[in-house]
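Visitor: Below are the chains, spelled out letter by letter.
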Amino acid sequence: MQKAPFITSYLTEHTADDAFATLAGYRAHGGYEAARRALTQMSPEQVVELLKDAGLQGRGGAGFSTGMKWSFMPKDSDKPKYLVCNADESEPGSFKDRLLLERAPHQMLEGILIGAFATGADKTFVYVRGEYAHPANVLQRALDECYAAGIFGANCLGTDLRHDVVVTRGAGAYICGEETGLLESLEGKKGQPRKKPPFPAQFGAFGMPTTVNNVETFSHVPHVVAKGADWFRGFGTEKSPGTTIFGVSGHVKRPGLYELPLGTRLDEIVFEHAGGPPDGRKVKGVIPGGMSMPILPASQLDVPMANEFLRERKTMLGTGGVMVMHDATCMVRVGCIITYFFRDESCGQCTQCREGTGWLHKIMQRIERGAGSPADLDLLLDVASKMEGQTICAFADAAAWPVQGLLRHFREDFEEHVKQGKCPFPESFEL
Amino acid sequence: MVISDAVRSAIDAEIAKYPEKRGALLAALHLVQREHGWIAPETAKAIAEIFEIRAIEVMEVVTFYNMFLDRPQGRHQVRVCTNLPCSLRGARELVHTLEQHLGVEAGETTPDGRIHLGHEECLGACAWAPMMRIDDTYYENLDAEQAKKILDSLK
Ligand SMILES: Cc1cc2nc3c(=O)[nH]c(=O)nc-3n(C[C@H](O)[C@H](O)[C@H](O)COP(=O)(O)O)c2cc1C
Ligand code: SF4
Ligand code: FES
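Residue numbers (the working numbering), protein chains in the order written: chain A, 1 to 431; chain B, 1 to 155.
Keep in mind the hints are simulated off the structure, nothing from the lab. For glycine and all other residues, C-beta sits at the position ideal for the given N, C-alpha and C. Mixed in with the good hints, there may be bad ones.
Short derived list, chain B residues pointing at chain A, Cβ under 7 Å [unchecked claim]:
| no. | residue |
| --- | --- |
| 1 | 17 |
| 2 | 19 |
| 3 | 20 |
| 4 | 23 |
| 5 | 25 |
| 6 | 60 |
| 7 | 67 |
| 8 | 85 |
| 9 | 119 |
| 10 | 126 |
Given only the sequences and the hints, what does the whole structure look like? Please build it.
Guide: Here you go:
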């Protein structure tokens, strides 16, 4: 069973309660009343404006305004339009969407229904990563309940809105989280990202106008509709409103999920909430937002967890996956794991990415073994810089950034490997 | 019959959910693999016929996705996550223990065909590391003894 978060707010308030995953349990807490209100008392434009006013930003990694994204869907098109709920959650260090799928599926489905009304979409595909068999089953059960209760189908909530939801399963490929890789996969193909433009709002799933949003993004929507933009802006910072669910992993006493306002300081999350490293160890570095985001050293944890502040430290919120490493950790080994992952998951379409990820891993391993040369450090940075901004999708950037972050803050670890000809951290985790 | 009637009708039900037939290809491969354990060439051919595409297109999809197997790999897929958060909490030591316990290396199948042991990338369970996936089920917060017992209980 999925463990409930240590700290909850509006998204996760009832996730410890098994009944909350059922329609009756969800309705006991006012479930689907926000959707009813949107469908019967608001226009689609009003819903979009409300989300813009609330300032809800996507929680899938890129942080784009949800209201804006919904407004891009063509209004006078006679083609079918689709929503996609991105439940591919494969960013290492991220495990919040799994909780929302397993413990609060109706909250997400209500967000989807509101999104369908606001964008005029005919159908939603929820793309669940293949390994999430249990979450997909829980979601399918919740969806079956919705159909039986007339929440989805020909007359959603008794209105003349027609909307269907389909649960689709992936099959183990990180790149299918990238929205156009996802669309290809949804069409039954290899999940290789598409060149943009055209953007999904014009040419998306099966060639039709499509909007892609993350599981958590949809889950915020009923709360915004029920309680309003000002209420939502009562959480978080001026530029990054609302809460998010931070997943804390690695060397801390209480790894787990924490729903906190955006802008909560990273050191508060790591030390006060998660208890800091066990065994009297000190923190060495923290990856703040999933593996694609550059690491921060212990001296820079006084940063509020919102993009406007994290950017000043050359990193980003990403998916809010906070990975903590204590002082015995070898940062070159960390680099080996990171570069292995990206080498393995590159879809191979772009030369810079396919070759670059291979090189990064090779050089990283050479240094770890103690066989690197002083020039290898700059070679890593050179390869990384040639991967940035050159490719079909942002995967190559996501592979380059963490390497740059490690060398920015832990260059000494790399230099010591080269100098000593071996790993100087005998107590580090094994490779 | 390469594809049973039950699976065939489940595939047809999936096809009905998509605006284009091919949207159901991944779902069909999951269904077939659950029944056969892997996607054999003749199965790929039968699937290709259903979807009115070439067998090679089916195989391209099979080989792109980690979860689809293009060769038989034992009755149970045991995958220990060795991505960073799990490695920080002992996942690689766990892999070594299980390798010794089973007498095979990661990436191999036990001689009795019972277990295929492998690594996997992050499975969305980072706070409950180390962890492993066996077929469709997650086992979290493992210690070596527990993990060995779980493997021993597999038929
Ligand atoms: C390599 C890569 C992997 C991604 N993986 C995911 C993912 O697993 N889940 C997700 O929601 N977004 C992922 N994204 C972001 C999506 O492309 C997209 O921006 C997001 O789903 C939009 O939803 P949002 O606006 O609600 O955040 C990924 C992006 C890239 C470049
Ligand atoms: S950047 Fe990498 S993952 Fe993205 S399309 Fe190019 S090769 Fe594929
Ligand atoms: S790193 Fe193992 S589950 Fe995330």
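Visitor: Under 7 Å, Cβ to Cβ, is where residue 23 of chain B needs to be relative to chain A, so tell me if that hint holds or is violated.
Guide: The hint holds - residue 23 of chain B has a Cβ within 7 Å of chain A, the shortest such distance being about 5 Å.
Visitor: A closest beta-carbon separation below 7 Å is what the hint needs, so does residue 60 of chain B meet it against chain A?
Guide: Where the cut-off is 7 Å and the nearest Cβ of chain A is about 6 Å from residue 60 of chain B, the hint holds.
Visitor: If you take the shortest Cβ to Cβ gap from residue 126 of chain B to chain A, is it below 7 Å?
Guide: 4 Å, holds
Visitor: Would the stated hint for residue 67 of chain B survive a check requiring a Cβ distance to chain A of less than 7 Å?
Guide: 4 Å, holds
Visitor: Residue 25 of chain B was flagged as interface toward chain A. Is the shortest Cβ-Cβ separation under 7 Å?
Guide: 3 Å, holds
Visitor: With a cut-off of 7 Å on the beta carbons, see whether residue 20 of chain B makes it to chain A.
Guide: Residue 20 of chain B check passes; min Cβ-Cβ to chain A is 5 Å, inside 7 Å.
Visitor: Please verify that hint: residue 19 of chain B, Cβ, nearest Cβ of chain A, below 7 Å or not.
Guide: 5 Å, holds
Visitor: Per the CB criterion, is residue 17 of chain B less than 7 Å away from chain A?
Guide: Holds: closest Cβ of chain A sits about 5 Å from residue 17 of chain B, inside 7 Å.
Visitor: Would the stated hint for residue 85 of chain B survive a check requiring a Cβ distance to chain A of less than 7 Å?
Guide: 4 Å, holds
Visitor: Does the interface hint hold: is residue 119 of chain B within less than 7 Å of chain A, judged Cβ to Cβ?
Guide: 10 Å, violated
Checked against the numbered hints given earlier, this structure breaks only hint 9.
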